[in-house]
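Fit chain D to the known structure of chain G by using the hints.
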Amino acid sequence: GENVEQHPSTLSVQEGDSAVIKCTYSDSASNYFPWYKQELGKRPQLIIDIRSNVGEKKDQRIAVTLNKTAKHFSLHITETQPEDSAVYFCAASMGWGGATNKLIFGTGTLLAVQP
Amino acid sequence: EAGVTQFPSHSVIEKGQTVTLRCDPISGHDNLYWYRRVMGKEIKFLLHFVKESKQDESGMPNNRFLAERTGGTYSTLKVQPAELEDSGVYFCASSQDSAASSTDTQYFGPGTRLTVL
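Residue numbers (the working numbering), protein chains in the order written: chain G, 1 to 115; chain D, 1001 to 1117.
Heads up, a few of these hints could be off.
Unchecked claim - Heads up, simulated DMTMM-like pairs for lysine to aspartate or glutamate below, C-alpha to C-alpha not over 20 Å straight-line:
#: 1; chain 1: D; residue 1: 1041; chain 2: G; residue 2: 2
#: 2; chain 1: D; residue 1: 1015; chain 2: D; residue 2: 1083
#: 3; chain 1: D; residue 1: 1044; chain 2: G; residue 2: 39
#: 4; chain 1: D; residue 1: 1041; chain 2: G; residue 2: 39
#: 5; chain 1: D; residue 1: 1078; chain 2: D; residue 2: 1056
#: 6; chain 1: D; residue 1: 1054; chain 2: D; residue 2: 1024
#: 7; chain 1: D; residue 1: 1044; chain 2: G; residue 2: 27
#: 8; chain 1: D; residue 1: 1044; chain 2: G; residue 2: 2
#: 9; chain 1: G; residue 1: 57; chain 2: G; residue 2: 84
#: 10; chain 1: D; residue 1: 1044; chain 2: G; residue 2: 49
Unchecked claim - Sample of chain D residues at the chain G side, in silico, Cβ under 7 Å:
#: 11; residue: 1042
#: 12; residue: 1043
#: 13; residue: 1045
#: 14; residue: 1048
#: 15; residue: 1104
#: 16; residue: 1105
#: 17; residue: 1108
#: 18; residue: 1109
#: 19; residue: 1110
Keep in mind that the hints were calculated from the coordinates and are not lab data.
Beta carbons are placed, not taken as given, at the ideal position from N, Cα and C, and that holds for glycine.
Bound-form chain G, shown alone (with noise of 0.2 Å):
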C-alpha cells in the first residue's frame, strides 16, 4: 500500500527566513496531495493542495512543487511569521479517480518561528 515519508520532523527557523518540509511517496497511482496545517489543539485545516497533472502551485506565502518522476512534493514558506508555527502534514491520495480517495500522511513537522 501507499507510504508516505515526511522530513524534517522538527523544524526551528528564524521570523522573515524561508521552511521548506518535503515529503516522498511510493504509489504512483496517487494523484492528490494536500498539506494540512495543526495548530496547538485545534483541527488540522488545509492550507494548499496540489493535483499529479500541475507541478507548482502557489497561495500567497506558500508554495508546493511536485516531482510525479521522483515521487516527492515539497511545502515552501516565505517570510515566514510567528503565527506559521504549527504540525505540518503531508498527505498522499488517489482521489476520487482510484477505488479509495483515503489520504495518507506524513508524521509531520513541527515548525518553530522564532520571532
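Coordinates of chain D only, in the frame set by chain G:
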C-alpha cells in the same frame, strides 16, 4: 456554515470499558472518514462512509472497533473493550459527493482525545 464537530473532546476510560465517539459532518457531505493519530505518529486512516455505506474499512485495527452511520448523517465509532494501545486522538473528516464537487478536500473535526488507563 458549521464545520465538522466531534463529541466528546476528551475521554478517559479504564482498560476493558466501552467508549463511543460521535462525529457530525458538514451538512450535505456524503463522505465521512475516521482517522486516528497515536502519540507522535502519523494520522492513520480507519474507514470511509459514503452516506450510510462503508466504502473502505481497510484501516480498522480489529473487531473491537465498530463504526456506524445510520441514516447517512452523523457517525459513531465504538471501541469495546478498550485496550491501552487504543489511546490517541480520533479525527473525523467529511467531504462532498464526488459528483457534486470537483474537489477532494476533506474537512477535519477537532478530534476526540481518548486515554485508556
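Quick rundown of the hints versus the structure:
1. Between residue 1041 of chain D and residue 2 of chain G the CA atoms are separated by roughly 16 Å; this keeps the pair inside 20 Å, and the hint holds.
2. Between residue 1015 of chain D and residue 1083 of chain D the CA atoms are separated by roughly 5 Å; this keeps the pair inside 20 Å, and the hint holds.
3. Note on residue 1044 of chain D and residue 39 of chain G: the hinted pairing holds, with a Cα-Cα distance of about 18 Å set against a maximum of 20 Å.
4. Restraint check: the Cα-Cα separation between residue 1041 of chain D and residue 39 of chain G comes to about 16 Å, which is no more than 20 Å; the hinted pair holds.
5. With a C-alpha separation of about 17 Å, the suggested pair residue 1078 of chain D and residue 1056 of chain D falls inside the 20 Å cut-off, and the hint holds.
6. With a CA separation close to 16 Å, the supplied pair residue 1054 of chain D and residue 1024 of chain D stays within the 20 Å bound.
7. For the suggested pair residue 1044 of chain D and residue 27 of chain G, the alpha carbons sit about 17 Å apart, so the restraint of at most 20 Å is met.
8. Distance restraint check for residue 1044 of chain D and residue 2 of chain G: the Cα-Cα separation of roughly 12 Å lies within the 20 Å cut-off, and the hinted pair is therefore satisfied.
9. The hinted pair formed by residue 57 of chain G and residue 84 of chain G meets the criterion: a straight-line CA distance of about 19 Å does not exceed 20 Å.
10. Restraint check: the Cα-Cα separation between residue 1044 of chain D and residue 49 of chain G comes to about 19 Å, which is no more than 20 Å; the hinted pair holds.
11. Interface restraint check for residue 1042 of chain D: the shortest CB-CB distance to chain G comes to about 5 Å, inside 7 Å, so the restraint holds.
12. A least Cβ separation of about 4 Å between residue 1043 of chain D and chain G falls short of the 7 Å threshold, and the interface hint therefore holds.
13. For residue 1045 of chain D, the shortest C-beta to C-beta distance to chain G is roughly 4 Å, which falls under 7 Å, so the interface hint holds.
14. With a least beta-carbon distance of about 6 Å to chain G, the hint placing residue 1048 of chain D at the interface is held under the 7 Å criterion.
15. With a cut of 7 Å, the hint placing residue 1104 of chain D at the interface with chain G holds, because the nearest CB-to-CB distance is about 5 Å.
16. A least Cβ separation of about 6 Å between residue 1105 of chain D and chain G falls short of the 7 Å threshold, and the interface hint therefore holds.
17. Against a cut-off of 7 Å between C-beta atoms, the interface hint on residue 1108 of chain D holds, since the closest Cβ of chain G lies about 5 Å away.
18. Because the closest C-beta pair between residue 1109 of chain D and chain G is about 6 Å apart, less than 7 Å, the hint holds.
19. Residue-level restraint check for residue 1110 of chain D holds (minimum Cβ-Cβ distance to chain G is 4 Å; threshold 7 Å).
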